[in-house]
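Peer 1: Line order of the protein sequences matches chains E and A. Residue 1 is where the first sequence starts when you use this note's numbering, and the numbers rise one by one after that. Residue 1 is where the second sequence starts when you use this note's numbering, and the numbers rise one by one after that.
These aren't lab readings, by the way, just hints derived from the structure by calculation. Some hints could be false.
Below, simulated DSBU-like cross-link-like pairs (lysine-lysine); rule was C-alpha separation at most 35 angstroms, straight line [claimed, not checked]:
#1 E:Lys197 - E:Lys312
#2 E:Lys193 - A:Lys88
#3 E:Lys361 - E:Lys389
#4 E:Lys59 - E:Lys81
#5 E:Lys188 - E:Lys340
#6 A:Lys124 - E:Lys56
#7 A:Lys51 - E:Lys455
#8 E:Lys340 - E:Lys56
#9 E:Lys389 - A:Lys19
#10 E:Lys147 - A:Lys124
#11 A:Lys23 - E:Lys56
#12 A:Lys47 - E:Lys197
#13 E:Lys109 - E:Lys340
Among chain E residues calculated to face chain A with C-beta under 7 angstroms, some are [what the hints assert, rightly or not]:
#14 Asn83
#15 Leu86
#16 Phe149
#17 Asp151
#18 Lys197
#19 Ala472
Glycine included, C-beta positions come from ideal geometry on N, C-alpha and C.
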Amino acid sequence: MKLIFEKSVKGRDGYSLPADLFEDVSIADCIPDYALGAKKTLSEVSEVDVVRHFTKLSKLNYGIDDGLYPLGSCTMKYNPKINEKLSVLDNFVNAHPFSPEDTVQGCLKIMYELDKLLCEITGMDRYSLVPAAGAHGELAGVFIIRKYFTDRGEGRHKMLVPDSAHGTNPASCAMAGFKSVELKSNEKGTVNKEELKRLMDEDTAGLMLTNPNTVGLFDDEIQAIEQIVHQKGGLLYYDGANLNASFGILRPGDTGFDITHINLHKTFSTPHGGGGPGAGPVGVKKFLASYLPSPLVTFDGKKYRLTGDGEKNIGRLRAFWCNFPVMLKAYAWILSLGEKGLRNVSETSIINANYVFAKLKNYYRPAYDRFCAHECVITARDYKQYGIKTLDVAKRLMDYGFYPPTIYFPHFKPHAKETMMIEPCESESKETIDQFITAMIKISHEAKTNPELLKNAPHKTPIRRTDEVLAARRPVLHYDDELKLK
Amino acid sequence: MDPKTLRFTGEHEWIEAGKTGAKVGLSDYAQEELSDIVYVEFPPIGKKVAKGETLVILESVKATSEVYAPVNGEVTNVNNDLEQNPQKINDDPYGEGWLVEMEISDPAQLSELMDDHAYQDYLKQEELN
C-alpha cells in the first residue's frame, strides 16, 4: 500500500480558501517560519483520496474487536462498549474542570465513591485518583515512600525490584532518586527469600512486587516476604499490573502491602495500549494517607469537595481532575459486576490461562511447569533443532488470524528461554480459545515437517516479515528520511 | 582471539587477562541467544566495578540485557566502534566485538571462572535445563 505522500499530485487540493479580503495584510508574514517549513512534506490529495486512504488503513488494523489478543502481561481484554457510551454522556463531557463545585456534585461523588470501591477491592485505606497511567502511579507511590523516609530522617536510598518486574519499576525508582537493586528469582520463578533477606538492609526503602508476578505465577510465600521487608523497616509496594488475576479473591492490603497502584485502563474497562488515556490511582494504608497527591475528593455529609488534603502530600502530578472518563468507566464496570462478578473475572481469567497451558504444554515446553495465574509461559526451545525460533512461531500465528502472544518475555534465568507469554483474559469463549490452541498445535507440527513455512511467515498479512534489525538500527520515522535513503 | 585462551562466567561474559589489563566481551553463545544487537551503552571510563555488577547494557531486537563485570576492577577503555556498529558483537564476539578493557584489582578472582572446556560443559547443561 502506498503512503499518503506517494499519492500526492502537485496542485491537487482537498480544500479551497476564501478570497483574501485584506490587501494590507500579508498572510505569509502571519505564518511562523516553522509552519511554512513544514508545508513541503504535506501531501497534496483530494478529500476522497484521504478518506479512502485512511479507511483502507483502518481495515488493515487488528484489535480486540477483530479477535483474540493474547498478549501476555498486558491484559488486552474486551471492554464493554456500554461503558464507552456512558463516559461520553453530555453531562459528563460538558462538565468543565473550572466549574463551581456546586454544579458538578455528581462527578465529584463518583470520584469519591470510586476511591471507596478501590479501597474495598484492594484492602487499602485511601486512594488518590490523580496518576494518569500505571507507571505514573508507580512514580507517585515511590515519591510517597521517599517523602515518608525523609520525614522520618532515614536515609534509605535503595529499592529492591525482582528480576521479573516490569521495566517501569526500576525506572520509577531511578526517577525518584532511589538506586534500584535487582532481586533474583528462585527456581519456581518467584521471590528468592534468602536473597531478599540478604539484600533487605537498613539502607533499603522496600520492595516493589507484583503478585501474581510478571511471569504469571502467584507467590504463595507473600506473608514471609512481607515479614522480611517490614522487620527491616521497609515498605512493601504492590504493582497492580496483574490485579485481573486476584481481585475478588485476595486483597493486597490484607497481605501486608503498604502502597498500591491500579491500572484502571487495562483492568477496569478502559482499553489498554494505543497511548492512552489511562488512569493509575495510587492507594495507601492509613499511616501514609497524608502523603497522597492532590486533588482528593472529600465529603462532609452534604457536599463533595476537591481538596489538597494531606499536609504532607507530594504535590500535584497532573492538571485538573486527571483522566475523569477513565474513572467513570471503572466505576460503572465495578458496580455492574459487584463483588461476585469481580471474583468471577479473576477466576475465569485464571481458568482460561491454565486451560491453554494444559493443552499446549506437551507441544511447547513450559518455562515453569506448575499452575499459573492469568497467563502462562511456554517455550519453543525444543524446535531449535529444526532451526525454529519463538519469533517464527509468533509470525506463523498471524497466518491463522491471531495476534501473537508476547515473545521473549520473560527472559531471565533459569528456565526462561525462547518464551511465549499467553494471556487469554476472561472475555474469550472456550470456542475462541480452542481455535487458538488448534492453531498452535498445527504450528508445532509444521515446525517439524515444514520449518521453512514458519521461517518465512507470515504469508497472509498485508506486509510480510519486517526487518526488525534494520528498523532498530536505522529507523525511518519521517518521510524525508525515506526520500534521502532512495 | 581464540576462545580456548579465555575465561568465562556463568552469565556468558568472557575475559582475556593480560599482564596489565584485561579485555571483556560476550560469548558466542550469548550473542546467538540475544540475536541481533542494536544498541550498546558503556560505563564511563574510570568507573570502578565489583564482580557481578552491571558493566554494559545491550539492546537486541528481543530484549535489553546486562553484561556483568567478571571480576573486580576499573574500566580503562571501551570499544567505541560498537556504538556505530553494534552488529560486530554478533559477527565477531571474540574479536572486533570486544566490549570493555579493564584493570583487574583482584587477579585471584580469575581462577574462579571457567575455562573454555568447562564453559562448553556448562552450556550443555544450560540447554538441558
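Peer 1: Are there hints from earlier that the structure breaks, and if so, what are their numbers?
Peer 2: Hint check: 2, 6, 7, 8, 9, 10, 11, 14, 15, 16, 17 and 18 fail, others pass.
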